[in-house]
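S.K.: Protein sequence lines, in the order shown, are assigned to chains P and R.
Under the numbering used here, the residues of the first sequence are numbered 1 to 396, in order.
Under the numbering used here, the residues of the second sequence are numbered 397 to 610, in order.
Keep in mind the hints are simulated off the structure, nothing from the lab.
Hints should not be assumed to be uniformly reliable.
Below 20 Å or equal to it, Euclidean Cα-Cα: the simulated PhoX-like pairs (lysine-lysine) are [claimed, not checked]: (1) R:K456 - P:K43; (2) P:K39 - R:K456; (3) P:K202 - P:K171; (4) R:K566 - R:K547.
Pair by pair, the computed Cβ-Cβ distance ranges are [claimed, not checked]: (5) P:A188 - R:D406: 53 to 61 Å; (6) P:D68 - R:D402: 25 to 33 Å; (7) R:R564 - P:G278: 20 to 28 Å; (8) P:K353 - R:S449: 19 to 27 Å.
This structure is a prediction, so every number in the text was calculated from the model and none was measured.
Just so you know, even glycine gets a beta-carbon here, dropped at the ideal spot from N, CA and C.
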Amino acid sequence: MLTKQKLDRPLAGILVTCRDYYRTNVDNTKRHKQSELYKLVQKALTSFLRAMAGAHATSYSGYTPDKDHPGYLIKLDPPMLFRVPYHVLPTFPTGDELEALWRLSRSIRSGNRSVISLSGSNVLRKIFELVGDVDFCEYFPVDDTEGFGQMASNIDGTTDVACLRLAFNGKKWHLPWGEDRPTKEFFAKTVDSSDNDKATMKVDYVGDVGNLGVTEISNLIIMVDKHWRSAAFARTFAAQEAPLSPIDWLPNQMDDPVEMGRYIDWLINSIIALNARGDMRKCLKRCASLSRVIFDPGTGNDIIDLISRSTVLLSHKVTEVERLSSLLKSLPDARSQRLLGLVEQRWNELSAKLVARGGAPDEFACRQFDAEAVGIVNRLLDKVRIDGDASSRRAA
Amino acid sequence: MTSPSDRLADALAVWPLDREQVSFLHKSIAEIDEAQAEELLVLLREAEQAVLSCASVLAKQTPVKSVSRVPAPTPSLPTRSMSAHPTPGRVMPHSPASDQLIEVLKNTIVALVRRDGPDLSARQLGVFLTCYLQAEAQTVRGLAAELDVSKPVISRALDRLGELNLARRKVDPLDRRSVLVQRTAAGMAFLRDLRSIFAPMRKERMPTREIASV
Numbered sequence: 001m002l003t004k005q006k007l008d009r010p011l012a013g014i015l016v017t018c019r020d021y022y023r024t025n026v027d028n029t030k031r032h033k034q035s036e037l038y039k040l041v042q043k044a045l046t047s048f049l050r051a052m053a054g055a056h057a058t059s060y061s062g063y064t065p066d067k068d069h070p071g072y073l074i075k076l077d078p079p080m081l082f083r084v085p086y087h088v089l090p091t092f093p094t095g096d097e098l099e100a101l102w103r104l105s106r107s108i109r110s111g112n113r114s115v116i117s118l119s120g121s122n123v124l125r126k127i128f129e130l131v132g133d134v135d136f137c138e139y140f141p142v143d144d145t146e147g148f149g150q151m152a153s154n155i156d157g158t159t160d161v162a163c164l165r166l167a168f169n170g171k172k173w174h175l176p177w178g179e180d181r182p183t184k185e186f187f188a189k190t191v192d193s194s195d196n197d198k199a200t201m202k203v204d205y206v207g208d209v210g211n212l213g214v215t216e217i218s219n220l221i222i223m224v225d226k227h228w229r230s231a232a233f234a235r236t237f238a239a240q241e242a243p244l245s246p247i248d249w250l251p252n253q254m255d256d257p258v259e260m261g262r263y264i265d266w267l268i269n270s271i272i273a274l275n276a277r278g279d280m281r282k283c284l285k286r287c288a289s290l291s292r293v294i295f296d297p298g299t300g301n302d303i304i305d306l307i308s309r310s311t312v313l314l315s316h317k318v319t320e321v322e323r324l325s326s327l328l329k330s331l332p333d334a335r336s337q338r339l340l341g342l343v344e345q346r347w348n349e350l351s352a353k354l355v356a357r358g359g360a361p362d363e364f365a366c367r368q369f370d371a372e373a374v375g376i377v378n379r380l381l382d383k384v385r386i387d388g389d390a391s392s393r394r395a396a
Numbered sequence: 397m398t399s400p401s402d403r404l405a406d407a408l409a410v411w412p413l414d415r416e417q418v419s420f421l422h423k424s425i426a427e428i429d430e431a432q433a434e435e436l437l438v439l440l441r442e443a444e445q446a447v448l449s450c451a452s453v454l455a456k457q458t459p460v461k462s463v464s465r466v467p468a469p470t471p472s473l474p475t476r477s478m479s480a481h482p483t484p485g486r487v488m489p490h491s492p493a494s495d496q497l498i499e500v501l502k503n504t505i506v507a508l509v510r511r512d513g514p515d516l517s518a519r520q521l522g523v524f525l526t527c528y529l530q531a532e533a534q535t536v537r538g539l540a541a542e543l544d545v546s547k548p549v550i551s552r553a554l555d556r557l558g559e560l561n562l563a564r565r566k567v568d569p570l571d572r573r574s575v576l577v578q579r580t581a582a583g584m585a586f587l588r589d590l591r592s593i594f595a596p597m598r599k600e601r602m603p604t605r606e607i608a609s610v
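Please put together the full structure from these sequences, using the hints given.
M.R.: Here it is in structure tokens:
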């Protein structure tokens with residue numbers, strides 16, 4: 001009986017070819033998109049995204065494949081809607097945690113027409129239970145004049161969420177807000193979807209997010225025109241975003257080989273840079289994302305094993321909570337003081353957990369963690385590199 | 397005649413999925429109805445064919461002139477393809493690529509002997525790199541076979557690596573007759589040093605990877 005061919009290497013080869021398409025023709029993707037081979041790669045990419053979404057729909061209750069966007073699954077739980085890339089579904093938050101994140105997205109969203117997505121390592125919450133802050137990415141149509149009003153009033157925050165900082169067009173504002181705080185008119189006059197500096201805005205918050213506790217939150221707002229185009233698309237990646245807004249058509253999708261290639265290229269470059277810098281904690285997050293997208297499940301399993309054996313991440317989380325606590329101590333208002341009480345409670349819980357697991361890691365344990373992480377990184381990069389070298393010669 | 401869920405499990409077996417995905421999928425396909433299973437089988441077959449035909453076309457492509465516009469990232473280690481896939485039509489011993497590699501090798505060795513750290517012989521370095529660049533745990537016997545040298549040679553190299561705390565021996569808990577070679581934190585640091593020496597030189601010396609274009 002013939003053994004069927006395993007598809008991990010052909011798939012990794014196709015995905016690394018996507019990377020080569022991006023790297024080879026970063027300034028002129030249109031030319032490549034006309035080639036027959038490009039169409040073949042896109043067909044393979046679309047087919048497997050569609051098949052995997054179909055397969056995962058059988059296992060995750062309430063999710064159905066999104067027929068218009070290959071690779072995504074939709075869960076409708078009115079008024080909530082989630083559109084999740086299939087490869088992050090096994091690690092995507094669920095239940096009360098997901099509902100808390102959806103409610104949080106409503107309290108920081110700019111207007112009713114924008115598309116807001118959960119992004120970054122938050123979509124890998126089940127691997128990295130102790131992720132840093134909660135990241136969102138929001139596509140905001142600049143012709144939504146009402147939205148500018150919402151954007152300005154978000155600075156006031158809500159009962160549970162305080163806005164800490166806002167960065168836009170090379171300028172920064174922070175709490176306590178002065179008289180020069182941005183207004184609806186300022187936003188309406190300044191934002192420009194065709195200018196990279198004026199097409200992105202970063203807003204940082206701290207808030208009480210249900211059963212996730214008090215956490216830092218950030219929202220990267222991408223200004224888009226009425227055709228959903230933007231000069232700032234290069235700052236986002238479809239494969240690590242789970243849109244939480246009802247919309248018929250996603251501005252940024254996974255089935256474009258060049259976009260997929262851009263994401264893989266960014267991940268590989270980040271892993272190499274973080275590894276060289278010795279920031280293994282962050283490097284492992286990128287490795288987890290890369291392993292999920294290039295079909296290397298072994299790496300994800302190795303990372304989970306390493307995290308479960310080490311207290312490095314837990315200890316880092318305790319330090320982060322301490323930093324958040326000192327920040328809130330410097331803010332005298334009642335909301336900040338209430339959040340401070342919750343943060344201190346969280347610190348006590350995490351510290352107790354850390355003590356129960358043997359306390360903060362010593363230098364040897366940190367080195368051991370780094371050494372094992374470097375091993376994971378090298379094995380992953382080696383796999384990509386071998387496939388990449390082979391496929392790069394082929395990307396005609 | 398096999399059931400739809402068996403055929404589905406068979407069709408899914410070729411896809412690389414992680415532990416959690418596999419356990420979820422296998423639990424649910426047993427309960428899936430026949431129409432759903434057939435629909436999914438069609439999707440999986442189509443995808444499998446598309447992936448395999450794309451991979452087979454990619455395998456037949458040949459390199460053409462590079463038009464790379466994004467600088468290649470500096471790899472932390474030499475790529476395997478440099479040795480495994482010499483440029484077609486060139487005689488390796490005298491090709492510019494091999495000359496450049498020799499130059500990089502020379503400069504790496506010079507940088508290694510100049511630095512304030514362990515000075516390893518070629519044999520010791522070979523054993524060290526084999527231990528650190530291969531995913532699986534190494535044994536003395538395995539290293540001797542891999543490097544095609546005798547076991548006493550490996551043993552002496554490991555003695556020296558042990559003195560420098562770059563590797564240590566440990567009895568294999570599963571087979572007490574066998575001795576495993578363990579990596580150490582100092583060894584990982586040495587490997588990182590090696591990369592930092594090698595990386596800028598490779599960037600400087602090696603041509604940008606030739607990426608084919610339309």
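S.K.: Any of the earlier hints contradicted here, and which numbers?
M.R.: When the structure is compared with the hints, only number 8 turns out to be violated.
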